[in-house]
Amino acid sequence: MSDLTKLTLSTARDALHKKDISAAELTEAHLCAIDDAKELNAYIEVTADKAIVMAADADKMINAGNAQGMTGIPIGIKDLYCTKGVHSQSSSHILDGFKPEYESTVTSNLWADGAVMLGKTNQDEFAMGSSNENSHYGPVKNPWRADKENGDLSNQNTVPGGSSGGSASAVAADTSIAATGTDTGGSIRQPASFTGLVGLKPTYGRCSRWGMIAFASSLDQAGPLTKTVRDAAIMMESMAGYDPKDSTSTNTPVPNYEAALTGDIRGFKVGVPREYRVDGMPSGIETLWSQGIDWLKDAGAEIVDISLPHTKYALPTYYIVAPAECSSNLARYDGVKYGLRVNGDSLDDMYKKTRAAGFGDEVKRRILIGTYVLSAGYYDAYYLKAQRVRTLIANDFKLAYEKCDVILTPTAPSAAFNLGEKVSDPLSMYLNDVFTVPASLAGLPGISVPAGLNSQGLPLGLQLIGQAFGEEQLLAVADVLESAAGFKAKPKKWWGDKS
Amino acid sequence: MSVDKETVAKIANLARIEVSDNELESTMGELNNILDWVEQLSEVNTDGIEAMTSVVAADLPLREDKITDGGYREQVIKNAPLAEHGFFAVPKVIE
Numbered sequence: 007m008s009d010l011t012k013l014t015l016s017t018a019r020d021a022l023h024k025k026d027i028s029a030a031e032l033t034e035a036h037l038c039a040i041d042d043a044k045e046l047n048a049y050i051e052v053t054a055d056k057a058i059v060m061a062a063d064a065d066k067m068i069n070a071g072n073a074q075g076m077t078g079i080p081i082g083i084k085d086l087y088c089t090k091g092v093h094s095q096s097s098s099h100i101l102d103g104f105k106p107e108y109e110s111t112v113t114s115n116l117w118a119d120g121a122v123m124l125g126k127t128n129q130d131e132f133a134m135g136s137s138n139e140n141s142h143y144g145p146v147k148n149p150w151r152a153d154k155e156n157g158d159l160s161n162q163n164t165v166p167g168g169s170s171g172g173s174a175s176a177v178a179a180d181t182s183i184a185a186t187g188t189d190t191g192g193s194i195r196q197p198a199s200f201t202g203l204v205g206l207k208p209t210y211g212r213c214s215r216w217g218m219i220a221f222a223s224s225l226d227q228a229g230p231l232t233k234t235v236r237d238a239a240i241m242m243e244s245m246a247g248y249d250p251k252d253s254t255s256t257n258t259p260v261p262n263y264e265a266a267l268t269g270d271i272r273g274f275k276v277g278v279p280r281e282y283r284v285d286g287m288p289s290g291i292e293t294l295w296s297q298g299i300d301w302l303k304d305a306g307a308e309i310v311d312i313s314l315p316h317t318k319y320a321l322p323t324y325y326i327v328a329p330a331e332c333s334s335n336l337a338r339y340d341g342v343k344y345g346l347r348v349n350g351d352s353l354d355d356m357y358k359k360t361r362a363a364g365f366g367d368e369v370k371r372r373i374l375i376g377t378y379v380l381s382a383g384y385y386d387a388y389y390l391k392a393q394r395v396r397t398l399i400a401n402d403f404k405l406a407y408e409k410c411d412v413i414l415t416p417t418a419p420s421a422a423f424n425l426g427e428k429v430s431d432p433l434s435m436y437l438n439d440v441f442t443v444p445a446s447l448a449g450l451p452g453i454s455v456p457a458g459l460n461s462q463g464l465p466l467g468l469q470l471i472g473q474a475f476g477e478e479q480l481l482a483v484a485d486v487l488e489s490a491a492g493f494k495a496k497p498k499k500w501w502g503d504k505s
Numbered sequence: 092m093s094v095d096k097e098t099v100a101k102i103a104n105l106a107r108i109e110v111s112d113n114e115l116e117s118t119m120g121e122l123n124n125i126l127d128w129v130e131q132l133s134e135v136n137t138d139g140i141e142a143m144t145s146v147v148a149a150d151l152p153l154r155e156d157k158i159t160d161g162g163y164r165e166q167v168i169k170n171a172p173l174a175e176h177g178f179f180a181v182p183k184v185i186e
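Protein chains in written order, with our numbering: chain A, 7 to 505; chain B, 92 to 186.
Keep in mind that a hint or two might mislead.
To be verified - Simulated crosslink set (DSS-like; lysine-lysine; CA at most 27 Å straight-line):
1. Lys96(B) with Lys343(A)
2. Lys183(B) with Lys343(A)
3. Lys56(A) with Lys44(A)
If you are wondering where the hints come from, they were derived from the structure by calculation, not from laboratory data.
Assemble the whole structure, with the sequences as input and the hints as a guide.
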C-alpha cells in the first residue's frame with residue numbers, strides 16, 4: 007500500500023487487525039511524512055527510534071491476538087504531556103532540558119493499548135494561545151493555505167489555531183494518524199476547525215490530568231484530534247478513565263464510544279442558542295451553521311430554539327479564572343526543581359531573573375493578571391465575581407438541557423487567519439474562543455466537526471456541545487453531522503516533496 | 092479599575108518576575124486593556140449566587156491514610172539545575 011499516511015484511524019485499525027498492513031510499515035510511512043513536512047514545525051521532537059520499537063511491540067500484540075483499537079496506531083503527543091525520558095516542556099523555555107521520570111496517565115493508557123509515539127508536538131507555551139505563535143520553538147504552520155482569486159494557492163501561511171496547533175497541523179498534513187491535544191478554553195476544538203479535523207474535548211473529569219503540565223486546573227482536559235468522528239470515539243475510549251492520582255477524575259466506567267455511532271438520531275433534540283449569533287461573524291459561518299441545522303433536521307432531529315443569556319460574559323470570566331489558576335500553577339517554575347535557572351544576587355533575584363528569561367510574553371501577561379486578580383483587595387471584585395458569573399453560565403446550560411439533548415454552534419468566529427495577523431493584539435486573539443469557552447467553564451464536552459470550506463478554500467467547523475458525561479450522544483450526533491457534511495477536502499501540498 | 096506603574100511593579104514583585112523600568116509602561120498598557128475589558132462583568136447581577144467551586148458535581152474521594160508512593164530521591168532531584176548531597180541547591184539565604 008503506497009498511501010498509508012492517508013488512512014484514517016479506524017481504517018488503519020481494521021487493516022492492522024486483518025494483517026493487511028503491519029504497524030512497522032505504518033509507522034515507517036508516517037516517519038517519512040514527518041521528515042518531508044519539517045517546515046510546518048508541527049513536531050518539536052521526533053522519537054523515531056522509540057516509535058520503531060513500539061511498532062514492533064504492537065505487531066507482536068496483534069500476532070498474539072491481543073489487538074485493541076489503538077494498537078499499532080502512530081500518533082503525535084502534545085508537548086504538554088509528560089512522557090518518561092522524552093522532551094516534555096509545554097513548549098516553554100523555562101522547562102529547558104526537562105525529561106520527566108514518569109509518564110502521564112493518558113499516555114500510559116494509550117501505550118498500554120499498543121499505540122505508537124511518533125514524537126512531541128508543538129503548542130502555544132503552557133497552552134496559552136489561539137494561534138500557536140506563542141511557542142518557544144517558533145510558530146506552527148497550518149497545512150491549509152487560502153486560494154487566490156485565480157485559483158492558485160496563496161504563498162501566505164495561515165495559523166493552525168491553538169494551543170494544540172502542532173497536533174492539528176501534524177494530523178492535517180498526514181504526518182500522524184491522530185494526536186493528543188488538551189483543551190482549556192478551546193485548545194482542541196478551535197485548531198480542529200482551522201485545520202479540517204475532528205477535535206473532542208470530553209467532560210471535565212473524564213480523563214486524568216495526572217502528568218499533564220497544568221495551566222488552569224479547573225478547566226484543563228485531555229482529548230483527541232483525529233480525521234473522523236469514529237477515530238475520535240476509538241481514541242477517546244483509550245485515553246479516558248478513572249485515576250486515583252487525579253482527585254478530580256470521575257469514577258464511572260468508560261463506555262464503548264464507537265458503539266454509540268448508530269447513525270440514528272431520530273427524535274434527538276438539538277438546541278440552537280440565539281446568543282451565538284455575534285456581530286461581525288463572516289456570512290460563510292452563518293450559512294454553514296444554518297446548513298448544519300438543516301442537515302440534523304433532515305436526519306430526523308428536532309431543532310429547538312434555546313437561550314444561553316450569559317454567553318457574552320463567558321470570555322471575560324475565563325480571562326479572570328484561567329489567569330488566576332495559571333499564576334498559582336506556574337509558581338512552581340522557580341529555577342530550583344527543574345528546567346532553566348538564571349543566577350542572581352539572592353534567592354529572590356534568582357527566581358525573578360529565571361522567570362523573566364524563561365516565560366514568554368503571553369505567559370507573563372497572564373501570570374501578572376492572575377496575580378493581580380488574586381491579590382488582597384481585588385480578590386472579591388475580580389476572582390469571586392468571575393466564579394459567580396461562572397455559576398450563572400453553567401446554570402444557563404442546565405436550563406437549556408431541559409429542552410434539548412445537544413447544542414449546535416459554530417466552533418470559531420473565523421477561518422484560519424494569517425500568521426502574524428493578530429500577534430500584537432491579545433484581545434482580538436482572545437475572541438477566537440468566544441464559542442468554545444462557555445462549555446469549558448461549565449465543564450461540558452464539546453466536539454468540532456469539519457463541515458465546509460469558506461470562499462477562500464479554508465476549512466470551517468461546527469461545534470456540538472453535550473451534557474456532562476453525554477459523550478455517547480454527542481458522538482452520535484457528530485457522526486451524523488459529519489456524514490451529512492461529507493467533508494472530504496485535503497490541503498493542497500505546498501511543503502516538502504511536491505511530487 | 093486600572094493599574095498604574097507602581098502597581099504593575101508590585102504585582103511583578105509578587106509574581107517574582109523581573110520587569111525592567113522601560114517594560115513597565117507597555118506592560119501597564121496591556122494589563123489595563125485586559126482589565127478594562129473584563130470590567131463588563133460588573134453589569135451582571137450576582138447577588139445571592141454562589142461562586143463555583145467544582146465544575147462537575149462530585150464528592151472528593153477519601154482514601155486510607157497510608158504511604159503508597161515515594162522513596163526515590165534520586166529521581167526527584169534528577170532534573171534539578173543544581174543538586175548537592177541529594178538536595179536541591181539554592182543561593183545562600185542565611186548570612
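Hints, verified against the model:
Between Lys96(B) and Lys343(A) the alpha-carbon distance is near 32 Å, which puts this suggested pair outside the 27 Å criterion. Under the criterion of a C-alpha separation no larger than 27 Å, the hint pairing Lys183(B) with Lys343(A) is consistent with the structure, at around 16 Å. Distance hint between Lys56(A) and Lys44(A) is fulfilled; the C-alpha atoms sit about 19 Å from each other, no more than 27 Å.
In this structure, the one hint that does not hold is number 1.
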